[in-house]
Amino acid sequence: MKRLQVDAVLLSLIEHMEIKGSRCGEVHIQKACYLLEELFGDPLGLEFILYKHGPYSFDLNDELTAMRADNIIELRTKFQFYAPSLLPAENSQLIKNMYPKTIKKFEPLVKFISENFASYGVPTLEKISTALYVTRKEDTDGSVEDRSRRIHKLEPHVTVEEACEAIKNIDLIIEDAKRISFSTT
Amino acid sequence: MLKYIHELRDPIHNFIHYSTKERKAIDSRPIQRLRYIHQLALTYLVYPGATHKRFEHSLGVMELASRVYDVVTDPNNILDDSIRNIIPKSDSDQQYWRRTLRMAALFHDAGHLPFSHAAEKELLPYGWNHEMITAEIIRSDEMIKIWNDLEIQTEDIIKLAVGPRYYKNYNFTDWEAILSEIIVSDALGVDRMDYLLRDSYHTGVAYGKFDHYRLIETMRILPKYYNYGSKEPALGIENGGLHAVEAMLLARYFMYTQLYFHPVRRIYDIHLRDFLKTWLQDGVFTTKVESHLQMTDNDVSVGLFEVAHDKSHPGHEYAERIVTRNHFRLLYDRKQEDISKNLEAQKAIYNDLKKQFGENNVIYDTEKQRGGDSTFPVYLNNRRIVSALSISDVLPKIPIAAIDSIYINPNCL
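Chains as they are written, first to last, in my numbering: chain L, 7 to 191; chain E, 22 to 434.
Quick caveat, the hints were computed from the structure, so don't treat them as lab data.
Warning: the hint list may mix true and false statements.
Said to hold, decoys possible - Under 7 Å between C-beta atoms, here's a sample of chain L residues computed to sit facing chain E: (1) Lys-58; (2) Asp-68; (3) Thr-71; (4) Pro-106; (5) Cys-170.
Stated by the list, open to error - Derived lysine-lysine pairs resembling DSBU-like cross-links, with alpha carbons at most 35 Å apart: (6) E/Lys-230 / L/Lys-107; (7) E/Lys-375 / E/Lys-142; (8) E/Lys-375 / E/Lys-362; (9) L/Lys-84 / E/Lys-375.
Ideal Cβ positions, reconstructed from N, Cα and C, are used throughout, including at glycine.
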């Protein structure tokens, strides 16, 4: 995908997340994007690692900065003293006009992510995205218990009980996501 | 009397201190090679004072890294209980990480190619970058003896030197992530602090100055509670240091627009890259440590002058353009008013110019400032921890530096 096509999808994700009640801070967008990438076969090609409290992409951070440089999104402090929100800016309509087909194609994925995760706060998003990361990338026996212990080992501030809840949650979501058919071609 | 701590004079930090054991690392071939790698590539062709090298920059980063470490680990500066659990408790562990951090800071640029960033992207084999070469250097036999003497682990040095983005297949602990941030953080990293000050000093571009003494004194490790309940630790500051950080981030923006993104500097980088593609064996730099350590800016400069006088060489045109200052000229520069009508305005202009003047006579150069996260935690006098962007009048207004430039062969003008 071209860089601006990726930006169009990211913009769409931000817009849908905001409509569904997300605060759209950088952490919200990072975790939402990770969930989209991991649940639907890495369509945007962004590389994520486990960093501090959950999956994080330096590529995505660079891309969001580039979108700010092009005035597609901007940082706006919506809630005093809290982290600013990433929201559509003056040139957002331009990119929607350039790539309507790409936006339409990704709509089922973006809607799935926003409907399932937009209402979550940052601590919950951190846990659930880490649960998905451990399920897909870490060497465990696949059981809920083993994956929960692994999460607690990687992120000691998350109790085994909290990790267990996150694992059960993500297992249900993985099954739901399979019902959405999507192809990058 | 035998000295165990030595000092070097430095125009930016007054003195750089190092121990007798650390001197062996400084005297090693990888670090001594940095005396012959320009910090700013060919920028001296635009700013004649820009002749400083990666050697003194690396020493500066090492010095600042331990200054920051000492401030943030001081028990009086731990302002939240959640942070106490991250910092190692024993004195020996704290000293271990201090030594490791200093060596990581010293070696963070060891893998740089001749003429630094000018060359990297297209001039290394696929999948390689200078961080990977840095890791190989730190793992080399020559360096392992020195690490054993300093009683520090090789892989710990690499983790902190290259950071989580480039140290693959390993999950950093919170403590390791913080230490790495001390060197490479976008907002508060000492790598940036040193190069902004050093580049400003040597080029004479005064906008790069800021009060780094004040900034360091106010640095703290803080949880990002302002991220809607997150407890993720990060480098931040006490409220009193906010203006120093604002000055630094403004300095970064001005240095980008005045220096790093200077159009003539950029076109020289492009001509150099094109020359190197024709001059290097197979068009790429070697990634083997021994061969890497033998190549410096001096070798490339000799090649440049030879080829500039050799019309039969495929790189002759590029070399001659650099040596005779007959570089391509800036024809079009990024404009917000054009982007607000067409996000790809510059590409459209470039395609038209290619048709009119020929593909070989027009060059398109684009880059945007990377990272750019100025959302770091600030500890207020009322003990609340907030986002810097929510209390600073300046930070939200600092633009993101970007270029979309089109250059043309001067013969076409």
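For each hint, the structure was consulted:
Interface hint at L/Lys-58: satisfied, since its Cβ lies 5 Å from the closest Cβ of chain E, which is below the 7 Å cut-off. With 7 Å as the threshold, the beta carbon of L/Asp-68 comes within range of chain E, its nearest partner Cβ sitting at about 5 Å, so the hint holds. Annotation: interface hint on L/Thr-71 holds; nearest CB of chain E at approximately 4 Å, less than 7 Å. Proximity of L/Pro-106 to chain E is violated relative to the hint, the smallest CB-CB distance being about 14 Å (cut-off 7 Å).
Given the 7 Å rule on beta carbons, the hint for L/Cys-170 is violated: about 19 Å separates it from the nearest Cβ of chain E. The straight-line distance between the Cα atoms of E/Lys-230 and L/Lys-107 is roughly 48 Å, outside the 35 Å bound, and the hint therefore fails. For the suggested pair E/Lys-375 and E/Lys-142, the alpha carbons sit about 24 Å apart, so the restraint of at most 35 Å is met. The hinted pair formed by E/Lys-375 and E/Lys-362 meets the criterion: a straight-line CA distance of about 22 Å does not exceed 35 Å.
With a CA separation close to 45 Å, the supplied pair L/Lys-84 and E/Lys-375 exceeds the 35 Å bound.
When held up to the earlier numbered hints, the structure conflicts with 4, 5, 6 and 9 and fits the remainder.
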